[in-house]
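Given the sequences, and given the hints that come with them, work out the whole structure.
Each residue of the sequence shown is one higher than the one before, counting from 119 in the numbering used here.
Among the hints, a few may not be true.
[Said to hold, decoys possible] Mimicking DSS-like on lysine-lysine, the simulated pairs with C-alpha atoms at most 25 Å apart in a straight line are:
hint, residue 1, residue 2
1, Lys130, Lys144
2, Lys130, Lys149
3, Lys154, Lys136
4, Lys136, Lys149
5, Lys141, Lys130
6, Lys154, Lys130
7, Lys144, Lys154
8, Lys154, Lys141
Treat the hints as calculated values from the structure; they're not laboratory data.
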Amino acid sequence: MVENRENVRRRKLVDYLKTNLEKGYKLDELKWALIKQGHSRTDVMTAIEQAQAEMPEKKPVEEKPKIVAKVYSEPVVVEKKPWWKFW
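See below:
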């Protein structure tokens, strides 16, 4: 019965760490916040190790190449005619 409670407590710590890491919090900040809340340092460290093992490795984000289309055209020159030479 005692082992079951410890497993549940560690599972909650692991879930807490995983959700907050996904939100963008730093691991060191989460570690010290949990220790200050009264969790033992060994429980926090084992939960961190387990959370890191369960989380998938982040792939580097590949940026899509930018497609730039440049149109170079020569200026169109319109021959100006005086008004008396309309035809």
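Results for each hint:
no.: 1; hint: Lys130 / Lys144; verdict: holds, 18 Å
no.: 2; hint: Lys130 / Lys149; verdict: holds, 14 Å
no.: 3; hint: Lys154 / Lys136; verdict: holds, 19 Å
no.: 4; hint: Lys136 / Lys149; verdict: holds, 12 Å
no.: 5; hint: Lys141 / Lys130; verdict: holds, 17 Å
no.: 6; hint: Lys154 / Lys130; verdict: holds, 17 Å
no.: 7; hint: Lys144 / Lys154; verdict: holds, 16 Å
no.: 8; hint: Lys154 / Lys141; verdict: holds, 20 Å
Violated hints are absent here; each numbered hint is respected by the structure.
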